[in-house]
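> Quick mapping for you: the protein sequence lines, in order, are chains A and B. Using the UniProt record's numbering, read the first sequence as starting at 1 and increasing by one per residue. Using the UniProt record's numbering, read the second sequence as starting at 1 and increasing by one per residue.
Read the hints as simulated data drawn from the structure, not as lab findings. Treat the hints loosely; a few may be bogus.
One copy or two, it doesn't matter: identical chains are merged, so the pair holds either way.
Unchecked claim - Below, a list of computed lysine to any residue pairs in the SDA-like style, where the Cα atoms sit at most 20 Å apart:
{"id": "1", "residue 1": "146", "residue 2": "199"}
{"id": "2", "residue 1": "130", "residue 2": "44"}
{"id": "3", "residue 1": "130", "residue 2": "29"}
{"id": "4", "residue 1": "47", "residue 2": "153"}
{"id": "5", "residue 1": "146", "residue 2": "172"}
{"id": "6", "residue 1": "146", "residue 2": "50"}
{"id": "7", "residue 1": "130", "residue 2": "51"}
Since we're looking at a predicted model, the values are computed, not measured.
In case you want the letters, here they are:
There are 2 protein chains.
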Amino acid sequence: MLRLYDNLSSGNAYKVRLLLHKLAIPVERIEMDIDRGETRTPDFLAKNPNGRVPALALEDGTILPESNAILWYLAEGTRFLPADRLERAQVLQWMFFEQYSHEPNVATLRYWITHKVEMTAERRMAEPGKRRQGYDALGVMEGHLKDRAFFVGDRLTIADIALYAYTHVADEGGFDLAAYPALRAWLDRVAADTPHIPITQG
Amino acid sequence: MLRLYDNLSSGNAYKVRLLLHKLAIPVERIEMDIDRGETRTPDFLAKNPNGRVPALALEDGTILPESNAILWYLAEGTRFLPADRLERAQVLQWMFFEQYSHEPNVATLRYWITHKVEMTAERRMAEPGKRRQGYDALGVMEGHLKDRAFFVGDRLTIADIALYAYTHVADEGGFDLAAYPALRAWLDRVAADTPHIPITQG
Numbered sequence: 001m002l003r004l005y006d007n008l009s010s011g012n013a014y015k016v017r018l019l020l021h022k023l024a025i026p027v028e029r030i031e032m033d034i035d036r037g038e039t040r041t042p043d044f045l046a047k048n049p050n051g052r053v054p055a056l057a058l059e060d061g062t063i064l065p066e067s068n069a070i071l072w073y074l075a076e077g078t079r080f081l082p083a084d085r086l087e088r089a090q091v092l093q094w095m096f097f098e099q100y101s102h103e104p105n106v107a108t109l110r111y112w113i114t115h116k117v118e119m120t121a122e123r124r125m126a127e128p129g130k131r132r133q134g135y136d137a138l139g140v141m142e143g144h145l146k147d148r149a150f151f152v153g154d155r156l157t158i159a160d161i162a163l164y165a166y167t168h169v170a171d172e173g174g175f176d177l178a179a180y181p182a183l184r185a186w187l188d189r190v191a192a193d194t195p196h197i198p199i200t201q202g
Numbered sequence: 001m002l003r004l005y006d007n008l009s010s011g012n013a014y015k016v017r018l019l020l021h022k023l024a025i026p027v028e029r030i031e032m033d034i035d036r037g038e039t040r041t042p043d044f045l046a047k048n049p050n051g052r053v054p055a056l057a058l059e060d061g062t063i064l065p066e067s068n069a070i071l072w073y074l075a076e077g078t079r080f081l082p083a084d085r086l087e088r089a090q091v092l093q094w095m096f097f098e099q100y101s102h103e104p105n106v107a108t109l110r111y112w113i114t115h116k117v118e119m120t121a122e123r124r125m126a127e128p129g130k131r132r133q134g135y136d137a138l139g140v141m142e143g144h145l146k147d148r149a150f151f152v153g154d155r156l157t158i159a160d161i162a163l164y165a166y167t168h169v170a171d172e173g174g175f176d177l178a179a180y181p182a183l184r185a186w187l188d189r190v191a192a193d194t195p196h197i198p199i200t201q202g
C-alpha cells in the first residue's frame, strides 16, 4: 500500500489526500507534527532530504516528495490530467505558478497565523510584501477564471486541485475573497466535483 | 517560428534558450528590459498576466509562461525527458524543488546584486534567511549528487537544465561552492553536454 507522510493542516498534503480520495486509492497516512520538528529529524531527512511533507512512499520504498510532482505521478492516465501536449504543459504552468507565486504568500501567511508562529522582526517586515503578492496571485487567478470554468480545458485537472488547496482556506491567512467573484464560483465548482473531502479529513 | 519573451540575465529564461539550442529549434528572441518594467506594461500583461519572463509564444499565438512548464513542453519525446512514469515524476520533483527551495533564494540574491537593486529594509532583513535557505538547497543537491551523475536516471534531463541555470552563476549571488564538490563536478558534466551555450548568449 502507498504510505503518505502527511499533515492535516497542510494544503500541500491535502492536494495529495484529495486526489487519492477521488481516485479511490487506499493509503496509509503518517501524521507528521511540523511544529515539533518531526520533518527535520535525521530519520525523516533520510527519507526526504528537503525535510517537508507531503512525501509519498511507493510500494517499492521509493520516496517521492513535492506535492505537485506527486499529483502528476498519481493523475497520469486518469481524468485529472489531459492527454493533449499543450494542455499538459498548461497544467504544469499553473502548478508552477502555484508553488512560486501563490503558496509562498497565501499559504505562508495562513501558516504564521494558524500555527501561531512567532512574529520575528524578519516576518513582520516580510508580511506586507507577502500580502500584496498573495493578492496579486489571486488577481491573476480571477482574471483567468472570468470566462473559464476550470484552469485548463473545460474540466477539473490537477492544476485546479493544486490551486484549490490553499485558495479555499485563504481567509485563514487574512485574505478577503469578496472582490474575486469568479474565483469564489470556481471554488464552489471544485468542491462540487465528487467525491470530495475537506482539508481536515485524513 | 516560436517567439521567446526573453532576458539575457535571467536564469529562468536561459533554461529555455539552452534547451532550444540543444534541440536546434530556431526562435525569435524578444529581449525584455526587466529593470525598466517592460514585463509589467499593459501590453505584456495581456500576454502573461503574471508579468514575468520567460514566456514562449507558440506558432498559433498561444503564450506559455513558466520556465519549467516550457521545458516540459519542448522536451516531450526528446532525450531530455524520460519515458518511465516514476522518472518523469522525479524530473518534476526536482523542477518544483528548483522553483520553491532554490530559485527564490539563490536567484533572488544574485538578482539583487547584479541588478543593483535598492536594498530596502525589507530586503536587508530577508537576506540572511535567503542566504541560509539557498545553502540548504545547495546542500540537498550536493547530497543527492554524491553518488549520481545527474539528478534523475543516468543522463541529463530538463531537471538538470532547470537546476543548472542559477547554480552555475550562484557565485554572482555571493554563494561559495567550495564545500560542494559533487555539485561542482555535476556543473562540469552539464556544461560538457553538447551543444551548449553560456547564459549570456542569445
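> Each of the hints needs a verdict: does it hold here or not?
Quick rundown of the hints versus the structure:
1. In this homomeric assembly, residue 146 and residue 199 never come within 20 Å of each other (Cα to Cα): the closest approach is 26 Å inside a single copy and 38 Å across copies.
2. Neither within a single protomer nor between protomers do residue 130 and residue 44 lie at most 20 Å apart by alpha-carbon distance, with minima of 29 Å and 23 Å respectively.
3. Taking CA atoms no more than 20 Å apart as the test, residue 130 paired with residue 29 passes in neither setting, with 31 Å inside one copy and 32 Å between copies.
4. In this assembly of identical chains, the alpha carbons of residue 47 and residue 153 lie at most 20 Å apart only when taken from different copies (18 Å versus 36 Å within one copy).
5. In this assembly of identical chains, residue 146 and residue 172 lie within 20 Å of each other by CA distance neither inside one copy nor across copies; the values are 24 Å within and 41 Å between.
6. In this homomeric assembly, residue 146 and residue 50 come within 20 Å of each other (Cα to Cα) only across copies, at 16 Å, whereas the closest approach inside a single copy is 37 Å.
7. Only between protomers do residue 130 and residue 51 lie at most 20 Å apart by alpha-carbon distance; the minimum there is 17 Å, versus 23 Å within a single protomer.
Consistency with the previously given hints fails for numbers 1, 2, 3 and 5, ordered from lowest to highest.
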